[in-house]
Structure formats: C-alpha cells, structure tokens
Amino acid sequence: MSARLNLVLVLALGALLAGLVALGSSYFHQIAITTMIFVILSASLNLITGSAGLLSLGHAAFFGVGAYAAALLSTRLGWPFWLTLPAAGAAAAAVGALVAVPTMRLTSIYFAVATLGIGEMIYVTMLNWVGFTRGPMGIRSIPGLELWGFKGIAFALVVTAGVMLAVLWLVHRLVHSYYGNAMRALREDDACADAMGIDVGRLKLQAFSVACALAGVAGALFAHTTGYISPESFKFGESILVLSMIVVGGLGSVYGSVIGAVILSVLPELLRELGSWRMIAVGAVLFLSILFLPRGLVGEVSAIELIRRQLRRRDRGDGGARRVAW
Amino acid sequence: MDATVLLQQVVNGLSIGLVYALMAIGFTLIFGVLNVVNFAHGEVYTLGAFVGLIVITALKPPLWLVLVLVLASGALAGIVLERLAFRPFRRFRDEAALKSKAMREATLLSSLAVSIIVREALELKFSGEMQTIAQAYLLQRPIQLGPVTITDGNLIIFALSVAMLAALQFVLYRTRIGLAIRAVSNNVLGAQFVGIDTTRAIVATFVVGSMLGAVAGIMVGLYQGAIFPNMGFEPGVKAFVAMVMGGLSSIPGAVVCALILGVAESVATQFFSDGWKALVSYGFLLATLWFFPAGLFGFKREKM
Amino acid sequence: MTSSIRSLIAAGALLAATGAALAQDIVVGYQIPLTGTQSQYGEVFRNAATMQLEKFNAAGGVGGRKVQIVYEDSKSDPKEAVNIARKFVDDKRIVAVLGDFASGPSMAAGEVYGKEGMPQLSQTASHPDFLKVSNWQFRNITTQAQEGPFNAKWLRDGGIKTVAVIGLQNDWGLSATGEFAKAFEAQGGKVTSTELFNPGARDFKAILTKVVQAKPEAIYFAMFYEEGALILQQAKQLNVAAKLYSASPFYAPKLLELAGPAAEGVLLSTTFVADNPAPHVVAFVGDYKKRFGGEPNQFAAQAYDAVGILLDAIKRVGPNATRAQIRDSLAATANYPGVTGATTFDKVTREPNKTLAKLQIKDGKFVVVH
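Residue numbers (the working numbering), protein chains in the order written: chain A, 1 to 326; chain B, 1001 to 1304; chain C, 2001 to 2370.
It should be emphasised that the hints constitute simulated quantities derived from the structure, not laboratory data.
There's no promise every hint is true.
30 Å max Cα-Cα, derived DSS-like pairs, lysine-lysine [stated by the list, open to error]: (1) C:K2290 <-> B:K1125; (2) C:K2254 <-> B:K1125; (3) B:K1060 <-> C:K2254; (4) C:K2290 <-> B:K1060; (5) C:K2290 <-> A:K235.
Some chain B residues judged to face chain C by a derived CB distance under 10 Å, without partners named [claimed, not checked]: (6) V1011; (7) I1133; (8) T1151; (9) D1197; (10) M1231; (11) S1249; (12) S1266.
Positions of the beta carbon are idealized from the N, C-alpha and C atoms, including for glycine.
Please build the complete structure, drawing on both the sequences and the hints.
The structure is reproduced here in structure tokens:
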C-alpha cells in the first residue's frame, strides 16, 4: 500500500470531517469522536496482539488509567488538554511497564490470562480507592478540549482527528520497519527470535509500554470529550470489544484496526431502529464477518491478496512466487 | 481472632471454589483437547440453568429428571455450538493456517459472537433480571457441622464435582471415543493418519464438555437462587483463570486452582474487604504464574 | 397497476397525515436501559411511562396538543448515553428529556444536556452531585441524605445500639451507607463495621460471616432487591440473628418471590406503598396490575411520577413550550400529588422533598408499620 494511497485516505478523512462540521449535527460529531477514540485504541491493541502476537485481555484498564490521569490532572490541577494527553500516555505507559515486568516470561495464553488479571486488578482499584479516584462516584465536569478560544464539539472533532492521525502514523511507522519485523518474529516463534539475537524480554516490554501509552492517550481524549468518567467504562467487556474490533478488521494491519473500529462503533448506532434486536444483530454481524473472513477484513495478508495468490498459483503452475505482504 | 470464623470463611471459600470448579471442568476439557478457548461455555452453563428452570416451572418433576433433561439440552447445545462456531474454522488445512495465531483468535471471536447472540436472545425473552425459582427446588437448607454451617447445596455440588471427574475419567480412559479424544488432544494430524474420525471425536468433546457445563449451570442456579441471562460471565472468567493457573491441560489441576481462588477470595474478604478481594485472587494468579510459568500442574506444552 | 398506484397514494396520504400529526405533537425523549443486564428496570419505566402518558393525552394533553415519548436504549452504558443525549439535543422537536436509570449514564448525558441546554429529569439517578452538573438537571427520587437519617432514627428509636452496614459499591450504595452510618453515629449509635461489595457479587457468605463476628444488633442493607434477595437467603443459611433493615429499593414484589421465607421480618423504608388507600395510588396500582400483570414496584412508581411531573410542568407553560421554559417550570414544581408522595423541588438545590413510610415483610407481604 503506497504512500499515495495513504495521502488520499487522509484527504478523504479531512473532507469527511469538513462535511460533518458543516452538517452541524452534534450527534454525528459525537459518534465520529467515539469512533476515532476507538480507532486509536484498536491500533494500539493491534500493536501488541496483532504484530507482536501477545494476546492482551486487559487493554481497557490502561484506557482507564489514561482517562483517570487526564480527568484528575484537569479537574484538580487545571491542566489543559495538550498537557494531560501526553501525561495520560506517560501514566498508562508507566503502569503498563510496571505490570508487564512479571509477565515477561509468559507466553500466549498464560500472558493473556495474566493481562486479564491485571485488567481486573486495575478496575477494582479504580472502583475501591475512593479517596483518590472517587470510586463509583466517578469524576464529573471534566473540561472539554479547548485552545485559544476554540471549543465545543466541532473543535473536539478536529483535535481528536489530529491525534488519531498522529497515532496511526506512529503505529504505521512502527509496524513497517525493522522493529515491526522483530515484533512479527516474536509472534511467529519467540524461541527462534531469541536464538537470532532479538532481546525478547525487552522487546515485549517496549511494545507493551508503547501500546499502553497510546491507550492512555485515547483514554485522555475519552475523558475530555465525555465530561464524566466512572470505573464501569473500563471493565473486561470493553477489552473484549476492542479485541473484537481488531480481529474483525484484521490482526497486524493498521487499516484493519481502523475498519474494525469503524464497523463496531458505527454499527450499533445505525441499528438503533431495531430496538431490542440491536445487539443480537451486532452479534450476528460479528459472527458472519469472522466466519467468512477469519483473518479479518483487511488482514495482514488481506482477503483480496489470498484470492489473488490462489489464482496466480493456478495460472503459473509452478507453485507461484511468494509475495511478501506490504 | 476466632478460629471458627476463619474455618467458616475457608468453608465459604471452598463452596465458592466448587462453583468455579464445576464450570472449569467442562471448560478445561474443551481447551485441553482442542486448544481453543470456548467463550460460549458460559452461555451453555446459562442455557442449562434456564432449561432446568423451564422444566421445573412447567412440569415440577423430581430433581433427577431435571438433571437428565438438562444433560440432554447440554449435549444438544454442544453439538450446535461445535457445528456453528468451531467447525467452519477447521476447513483451513494448510500449515500456515494451522499455526496461525490469527486463526485461533478467529475461533475465540466466533464463540464470543455466538455467546453474545445467545445471551441477548435470552435477555430479549426473559429480561435481564433474576428469575423466580420454586422454593422447593432451592438447594439452600442449612446443615450444621460443628462450628461451621454449610448447606445441602454445598454437599450436592461437591458430590456432583466428584461424579463429574469420575465420569470423565471413565469416558476418557475406558471408552473408544475417549481414546479418540485423547488421541486428538495429543496430535490432530497424527490421529487422522491412524484413521480416527477426528470430527466425531471433536463433536464428542463438545458434547461431554457442554453436558458438564449445563448441569453446572442448573446446580449453581438452584444453590444460589439466582438464574439470569448474564450468570455465566463471572464463573466463566474464573474458570478460565483456574484452568490456566492449573496448567491448561490438567482437569484436576483446574479444580484445585478453582478451590484455591475461592478460598483466597473468602479469606481476603475476612482480612481486607470484599471490594478488594479481586486484588488478592488475581494476585495469587500472577504469583503462581511467576513461579510456575506453565501453571501449577502443567508441563511445557509444544503447541500454545 | 392501478392497485399499486392506489396503495402508493394511500401510503403517501398516511405518511403526510402522520407527519402532520407528529408536527403537532410535543415530543419528549426518554433514555433507559432496554437491553443489557439492567433491562428489567427500563421495561418497568417504559410501562409506567406509557400509562401516565396515555392518561395525560386522554385528558386533553397540553392545550389540545398530545405529547409523545421517544424511547432510546442506553444499555446503562455512559458512552451510549452520551450518543443518545446528542441525538436528543439535535432533534429540534424534543423539548425535555427523562432518564437515565443509573447514575453513570445520567451524569455523562447530563454533561451534554447541561452544555446544550436541555431539561433532564431522572426518576432514579441518586448520585449526590447529579444536580450540581448544571441548572438543567432534576430528579424525583429521595436522596440518601434524607433516607439515611430517617432509617437511622428508626433504628435508634427501636433501641438498637449497634449496627453493621453492608452496601453495594456504586454511587447509590456509597451514599446510602455513608449517610446512614453518619446519622446513626450522630444519634449516639455505634456502627460496628461497614462492608462494601462490588456490583455483580452473588455470594455474600464471607461478608456475612465477617460482619456477625462483632455481634451487631442489626444489619442495614444498602443495595437493590436482586442482591438483597440473595443476601437474605444467605443470612438465613448462616443463621444470622441480627434484625435486618433496608431502604426503598428493597420494596419490590420480586424480592419476595426470589427470597421466599428468608425475607420474613425484614424492615424497610419506602416512599411508595402499593396498599396506600389514597385514590390516585389505588388507581395506579389497579391499572398497572391489569395491564402488565403483577404489582408495580418502587421503580415503576418513580417513573410514573417523573413522567407526571414533567407533563405537568409542560402543561403549566403551554403548547409552545421551549426547553428553557420547561426547565423553569420544572424548578417551580411544588406539592405534585405523586404516587410516591407529594413532591416539591427545593428552590435552591432542586432536590426533591418527599415523605417516607416504614414497612415490614410479614407472611410474605409488605405491611405498613409505625
């Protein structure tokens, strides 16, 4: 996928946003903002689960750490959003690094369960440490995104889009680099990667910290654009939601995380007309999408590539040359 | 502090742990054999409870008949689940797909999707609230054993876990289909090479696992007096944790770890508070994994 | 050919007629959990709201114009609540909003309503800071600042000196335990322990065992009726001897169904009493039983009154009410004759002022005691 395609997509996004702002419907703005926050979340999860192959079931907790960091800093210390966002990222990364240390020796499902446990522990702390986080009372009246007099939901939309593009660019660069190759080596066979000289423990820690930092940034955006946060938004169910997004979209692919997030954020809103059948329909869509496209819609080796390869192999008859994925 | 209080808390913890263990047995069986996390196991558990409840409300039969009908419904659920959520992903036979982690996440997600559909459908029909159960069926009669109190439900669930383990041992080690299941659990391709019908073995695994799950559902539902569409979620998570802590392929290991989790929770409530008990039980999990990276009773498995 | 043209014309006429009718209706939004783990509450709210709305429209509506309620499912998820809030705010026809059920979604949506200027009346949001979000928030549920001291006095008057408190770790439970404990100690009693459990807990034996160690004379349960039923059963299993008290969310026929004989003797406070001989309560209970089978619980009564209060406020303004006018009218609510008692909103804080009653469960029924 070329740089030109990326440029076209960014311009298309800009046009879409301009259209939304012109339309003036704050409902669409809100959905767009939530979708973009989840794009950031799924891109960050895709970094560890898709590229590095470490299934993480506690991602929503780091989302929450970032949200609480931003909420506390802005409500108690009056920090503006351009300070709270990086601070939230740093806080989430710190917590992530801290909890990742005991899990460094663990592989796949053990790692997954450890992250599940960590996620639950963070949630319980958020809920019960009432003195610090206000527990189930949550934190209210979090200031919105405001800079030089610009405020309101349209401005929030623009800022969120900007942050999302920055995050996607970062993830894209990480994935399409030698660092990305190292992560994928880790995923395919970590013993082999170790034998080749890759410092497996350090790589896992770094990837995990970066992913948590990005989740923290998403959390900060969530706090500022929602105005009220409470621990119930950061439970295990949310982690599963983000996981579903990347699996539907395609593991290991940046485009995949975008598409997965868009589908699973917009679909429940579109299906509101169905009333009580709405969530059943979402479940059905999830099921059908994974049934027909188990590697995701735009997987690392996309569905289109797979078909093309099959066809080429049949034509050539010589086994076909192995095409390296983009 | 009173020793009897601590003893009562341990007993409380064991009773919670047995609830988790009941769920963990079926869950571990399916994982141990097929290397797939069955996210829908919690829903099979819930379905078992609801089927039992419907039977009780409609026919008011004796308890053993309820169990038989629930077992049948569990078997049916297992067959449907396997057909719907797991079989379509075995159509990829190439090595890249078999090794691919993406494929495994795919079955995780397909079982998750099925669980969402089943749970939402149950909520649609019955609403999210707890269902009323006829008082006569509740397994809640208290029994005094010296300084501690338990209920008849505790004894029945304990007996049931023992029976389940024994039945599983029998099926796995003394029947042909059990042999096939063990072969598939060891090496799927190898089992095919020696002529075992792997599909049948896999379906059998799901049937047995789901039967166990469904019975667990109705028993716990009657013991706790709480049957509602979301009831499978929390025990499901605990069963998953217990399974991994126990070493993935060891069913007795999963049971032991489920009991440890339960006792850890109760004792944590005694010394700290109920709200923080998750820290203690998951702390236990992390500590176990730190010292035993392959679980308490697990040995290094090749395929992960 | 002609028949399909005819049906097209008919459909067009129907559409136009509906459009015209809708254009005349006053529209109110109602956000509640209609799916998810708390859907049972949302359904009850919708039932009660439908009853109140039909009664109101049949009595002439607002100067001849009918009121219509648009329901949206929030799943008790703050994210969804915010989306719905934006949707309602964008819809120019909607002049006021009811809901949500839990405080989380209510607060999150409240931030939007406060910024964009939409009056919001929640039938159950009990978060202590809910009315502080902005001037546009209202609620008609008793606050724990009122119910806590009321119950504390009840226990003290009954001669109880020591009490243990077990509460749900959510905003309602936290304020309920806090207010009760504070008032009880201020009145000279001693709280032996306060235990909070996380939402979703089903086994309370460890908590009960821990709490009875200090041998409190009574235990105060600050939770809703589903956990309540379970904890009552488990208290019976453990032979807990203390007197058991609770608050208004316990007032639900479902509690009796779920807990059975374990609920015998439990004492609780409430605003709504189904046996209240007052004519409007009798009518409400009778209608509800006929239409939906089974007696209404406290939540149904709260919703019924909330809708009634809002409709009353709109009626006082008139058919062309704006959002700001309805807000002011709501703030002026005084002595509204609700089934949960006469309701007045405080002039400064907008908190509702309600009267409470005492109940005991005897022979599987809620009986008023004094």
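Hints broken by the structure, by number, lowest first?
Violated hints (numbers, rising): 5, 9 and 11; every other hint is consistent with the structure.
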